[in-house]
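Input sequences plus hints: build the corresponding full structure.
There are 2 protein chains.
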Amino acid sequence: MNMDERKQQVLQAIILDYIATADPVGSRTIARKYNLGVSPATVRNEMADLEEMGLLEQPHTSAGRIPSQLGYRYYVDCLMQKEPVKKETKEIIRGILINRIKETENLIQISSKLLSQLTNYTALVLAPFFGKNVLRHIQFLPMEQGKAVIVIVLDNGHVEHRMMDVPESLNAADYAAITGLLNEHLKGLSLEQWRPSVMKAIFRELKYQKDVLQQVIEQIEDSLAVEQEQKVFLGGTLNILNQPEFKQIEKVKTLFELLEEEKFLKEVLNPEQETGVLVKIGSENLHEGMKDCSLITATYRLDGKVIGTIGLLGPTRMEYSRVTSIVEFLTYALTESLSK
Amino acid sequence: MNMDERKQQVLQAIILDYIATADPVGSRTIARKYNLGVSPATVRNEMADLEEMGLLEQPHTSAGRIPSQLGYRYYVDCLMQKEPVKKETKEIIRGILINRIKETENLIQISSKLLSQLTNYTALVLAPFFGKNVLRHIQFLPMEQGKAVIVIVLDNGHVEHRMMDVPESLNAADYAAITGLLNEHLKGLSLEQWRPSVMKAIFRELKYQKDVLQQVIEQIEDSLAVEQEQKVFLGGTLNILNQPEFKQIEKVKTLFELLEEEKFLKEVLNPEQETGVLVKIGSENLHEGMKDCSLITATYRLDGKVIGTIGLLGPTRMEYSRVTSIVEFLTYALTESLSK
DNA sequence: CATTAGCACTCGAATAGGGGGAGTGCTAAC
DNA sequence: GTTAGCACTCCCCCTATTCGAGTGCTAATG
Numbered sequence: 184m185n186m187d188e189r190k191q192q193v194l195q196a197i198i199l200d201y202i203a204t205a206d207p208v209g210s211r212t213i214a215r216k217y218n219l220g221v222s223p224a225t226v227r228n229e230m231a232d233l234e235e236m237g238l239l240e241q242p243h244t245s246a247g248r249i250p251s252q253l254g255y256r257y258y259v260d261c262l263m264q265k266e267p268v269k270k271e272t273k274e275i276i277r278g279i280l281i282n283r284i285k286e287t288e289n290l291i292q293i294s295s296k297l298l299s300q301l302t303n304y305t306a307l308v309l310a311p312f313f314g315k316n317v318l319r320h321i322q323f324l325p326m327e328q329g330k331a332v333i334v335i336v337l338d339n340g341h342v343e344h345r346m347m348d349v350p351e352s353l354n355a356a357d358y359a360a361i362t363g364l365l366n367e368h369l370k371g372l373s374l375e376q377w378r379p380s381v382m383k384a385i386f387r388e389l390k391y392q393k394d395v396l397q398q399v400i401e402q403i404e405d406s407l408a409v410e411q412e413q414k415v416f417l418g419g420t421l422n423i424l425n426q427p428e429f430k431q432i433e434k435v436k437t438l439f440e441l442l443e444e445e446k447f448l449k450e451v452l453n454p455e456q457e458t459g460v461l462v463k464i465g466s467e468n469l470h471e472g473m474k475d476c477s478l479i480t481a482t483y484r485l486d487g488k489v490i491g492t493i494g495l496l497g498p499t500r501m502e503y504s505r506v507t508s509i510v511e512f513l514t515y516a517l518t519e520s521l522s523k
Numbered sequence: 184m185n186m187d188e189r190k191q192q193v194l195q196a197i198i199l200d201y202i203a204t205a206d207p208v209g210s211r212t213i214a215r216k217y218n219l220g221v222s223p224a225t226v227r228n229e230m231a232d233l234e235e236m237g238l239l240e241q242p243h244t245s246a247g248r249i250p251s252q253l254g255y256r257y258y259v260d261c262l263m264q265k266e267p268v269k270k271e272t273k274e275i276i277r278g279i280l281i282n283r284i285k286e287t288e289n290l291i292q293i294s295s296k297l298l299s300q301l302t303n304y305t306a307l308v309l310a311p312f313f314g315k316n317v318l319r320h321i322q323f324l325p326m327e328q329g330k331a332v333i334v335i336v337l338d339n340g341h342v343e344h345r346m347m348d349v350p351e352s353l354n355a356a357d358y359a360a361i362t363g364l365l366n367e368h369l370k371g372l373s374l375e376q377w378r379p380s381v382m383k384a385i386f387r388e389l390k391y392q393k394d395v396l397q398q399v400i401e402q403i404e405d406s407l408a409v410e411q412e413q414k415v416f417l418g419g420t421l422n423i424l425n426q427p428e429f430k431q432i433e434k435v436k437t438l439f440e441l442l443e444e445e446k447f448l449k450e451v452l453n454p455e456q457e458t459g460v461l462v463k464i465g466s467e468n469l470h471e472g473m474k475d476c477s478l479i480t481a482t483y484r485l486d487g488k489v490i491g492t493i494g495l496l497g498p499t500r501m502e503y504s505r506v507t508s509i510v511e512f513l514t515y516a517l518t519e520s521l522s523k
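Chains as they are written, first to last, in the working numbering: chain A, 184 to 523; chain B, 184 to 523.
Please note that the accuracy of each hint is not assured.
One copy or two, either will do: identical chains are not told apart, so a pair holds if it fits within one copy or between any two.
[Said to hold, decoys possible] In silico DSSO-like cross-links for lysine-lysine, where the CA-CA straight-line distance does not exceed 27 Å: (1) K330 to K488; (2) K434 to K463; (3) K330 to K296.
Just so you know, the hints here were simulated from the structure itself, not pulled from any lab data.
The structure displayed is predicted, hence computed values, not measured ones.
Now the structure itself:
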């Protein structure tokens, strides 16, 4: 049994209708609303076929059909034509992303909000990993007694700082000396390159006052090692609550719990392919809690290298055609905005 | 009709039972479980009185009684005795807060998680306002072409940074000069004191290259002005979903929407009294969306001054006696931890 | 031979009816 | 003042019934 033209039309009609209404779709509706020029009876025959092929499901006899996971898959792969992003939408995205002079992290955060607003789904955005970025400046500063802060500035504009305990005996000259040493040895290196030998070089120069300063350097090393991690920003988590498939609190809860798990988010946004938009439907997501969800992802880049992922989460009954193109466009816009 | 001893006992019993079970409480239950030594009939009479006084309500005839908002109020004000915080709980709090060398913001965030875990309600913590803190160090650093970052370190350990556009013509000496000037004039001042005259003093010293540098200083001034704001940290928002009173998605949604509004949170956590624990029940909260919620708040301090608020949000049917003391203790612990 | 009209059938959703039971309020007795 | 007794109320839960949308099958049709 192969997919002739009409079967495709019927399948598409059912999917579109179901996406729009969330109600099982009957043969009558199809024949009437999506003028195929055939009677409900014919449509019924096609539907029976499509069900046999595993593309449709019946919640129960005498309900209409709903698309199966496979049905969505076929739709996304073969039937769907991406709805072009509205000019208006493009302008909104450009307007917000391009003209803004912001640090990357902020830009990412804004993107996630934006995406969720444009789509009414939940946006997950994986922010870039800065490990490859090069140190521009590092500064070691005294705080109140016994504490110091170390500020790290990368040349892409990312700034981090860490607090630490230090011996109270350090004086201004020590701070200056350490700052000087750190800059001298570390500047121009990426975070990834710091660890092994470089610190030893610094130790060697600390012949004088070795006992005190060595301890400080060790601490600094520790604090630099931590958390070169990627961050995930969420936008529009509450949009989930608008979906009729999440009217039972239970489901909401399990999903929200997942969304609070940083580890899960990173896993799910881990880029599987370099380019293009990837759609994962229902249990293709592996994670049990997402078996009723679809996730659309795409990567964005800086200097040609993939540095992050944009994700959009919704029910399997998702407006794929409208929304995939928005995700795609947003990655372009983001890539463009970052490259400036 | 006054509140004799027994009326109080009955009221308390009803409230305790309702808090525990979320079911309307009948006279039989009271007489049996909370051995008052009287018959259900007597209890019924008392209950009728209490209802007339507005302390109890009946969802419908022949259901049991539930506490009215006024009932809770009376309970909290007159009847309740704070359950002392368990040793174990205290140790958990101390263990986590005290031993940690962290910057304030991080500490606050941990507190909110902690509070929500200990109580199973939703924690809202208002983080300190740093406007009064004094500048320890400021650094103006070049980034890629045309961009610079300014790093501000306060003496309480708080660090902020801002990105900005600058003329490309600036050279290393300019950066050093500006950093020098900023430190010279601003060090030792609080953020609040910066604005008016100080910047002018800096301008005066910028005789050379005035046109370029003036523009930079203006930008710096702008970026310092923004966002000396307080932040709110949430913990355990999902705990709301465990409460039977929030089994309808609608309610969840309106409440979650409120919790996403920074403005709302700040308003609600705005300290109304200096010391002690404040309990706001139901519509005492004014905000429409919170009419089924209670909010327990208390302030914490640094150097004797109130610098933030801890809030705990739950249904009106809240375990006031267990939970108020935890909130209170946490403010102590936090105050203590901050003062170190 | 694909298409279609017709029709019986199925099954869930919505509606209605009917105990059952928890709890009340009242009254009268203690 | 307290309590036992009792009629009454009203929700909850269960079942039965209806209703209707939608199907699958069959036979008729072009």
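Going through the hints against the structure:
Proximity of K330 to K488 under the C-alpha cut-off of 27 Å is restricted to the inter-copy arrangement: shortest distance 22 Å between copies versus 39 Å within a copy. In the homo-oligomer, the alpha carbons of K434 and K463 lie at most 27 Å apart inside one protomer (19 Å), although the nearest pairing across protomers, at 31 Å, exceeds that limit. Within a single copy, K330 and K296 get their C-alpha atoms only as close as 37 Å, which misses the 27 Å cut-off; across copies the closest is 25 Å, which meets it.
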